[in-house]
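**Q** If you read the protein sequences in the order shown, they are chains A and B. The numbering of the first sequence is the working numbering, which starts it at 1 and goes up by one. The numbering of the second sequence is the working numbering, which starts it at 1 and goes up by one.
To be clear, the hints were calculated from the coordinates, so they are not data collected in a lab. Quantities reported herein were computed from a predicted structural model and do not represent experimental measurements. Worth double-checking, as some hints may not be accurate.
As the list claims (entries may be wrong) - Pairs of lysine-lysine residues, derived as BS3-like cross-links and limited to a Cα-Cα distance of at most 25 Å, are as follows: (1) Lys53/B / Lys96/A; (2) Lys57/B / Lys11/B; (3) Lys59/A / Lys53/B; (4) Lys57/A / Lys70/A; (5) Lys59/A / Lys57/B; (6) Lys56/A / Lys95/B; (7) Lys70/A / Lys56/A.
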Amino acid sequence: TQLLEQSPQFLSIQEGENLTVYCNSSSVFSSLQWYRQEPGEGPVLLVTVVTGGEVKKLKRLTFQFGDARKDSSLHITAAQPGDTGLYLCAGANDYKLSFGAGTTVTVRA
Amino acid sequence: DAGITQSPRHKVTETGTPVTLRCHQTENHRYMYWYRQDPGHGLRLIHYSYGVKDTDKGEVSDGYSVSRSKTEDFLLTLESATSSQTSVYFCAISKVGGAGSDSPLHFGNGTRLTVT
């Protein structure tokens, strides 16, 4: 059983469209991280959110941590082909990270 | 790029044979981790280390052992490989255990292991 549930599992959109990826859990986390992974490489950290209700923006990416620190979302505005990849959320507890299964995002030119 | 090297990058082995994967870091980070990545399961923690000779089990540790005799090296051993251990294995490092705003995980580029 996955501790963190990500939805949707797959997302295919046209360049310029917006998208949102969700990460949900019944557990409370001290912090939550989002990673992006490209084929043949390891995941790379995008952002860490640590405070309930926190919103962080990185250019066209907006990350939100739920008030209860159990869920998070990633919103991409005006997606570009370079945003294509596997997006993973990971929740921190007891000095370990638990990962969601990931959302594969494909942005078509 | 964080200095993490995994070797080998690809390996094919037969059921029942022992296999050792190596992770080498040049960052002098205290914490090192081994994850496996499978479709539909994401990344699952196998074992981790919080210092030289200090290791602990993760959520999927059965059939795996680890050793850390030096800060820079973390070895993962499959004592007797099985087909269910076919996977992509990632090593990761961090300054501080778990996560915080100043301690992300830095991953290597993975080892693709196929057990036939």
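**Q** Compare the structure with each hint and give your call.
**A** Checked hints:
{"no.": "1", "hint": "Lys53/B / Lys96/A", "result": "18 Å, holds"}
{"no.": "2", "hint": "Lys57/B / Lys11/B", "result": "24 Å, holds"}
{"no.": "3", "hint": "Lys59/A / Lys53/B", "result": "42 Å, violated"}
{"no.": "4", "hint": "Lys57/A / Lys70/A", "result": "19 Å, holds"}
{"no.": "5", "hint": "Lys59/A / Lys57/B", "result": "38 Å, violated"}
{"no.": "6", "hint": "Lys56/A / Lys95/B", "result": "23 Å, holds"}
{"no.": "7", "hint": "Lys70/A / Lys56/A", "result": "16 Å, holds"}
In this structure, the hints that do not hold are numbers 3, 5, in rising order.
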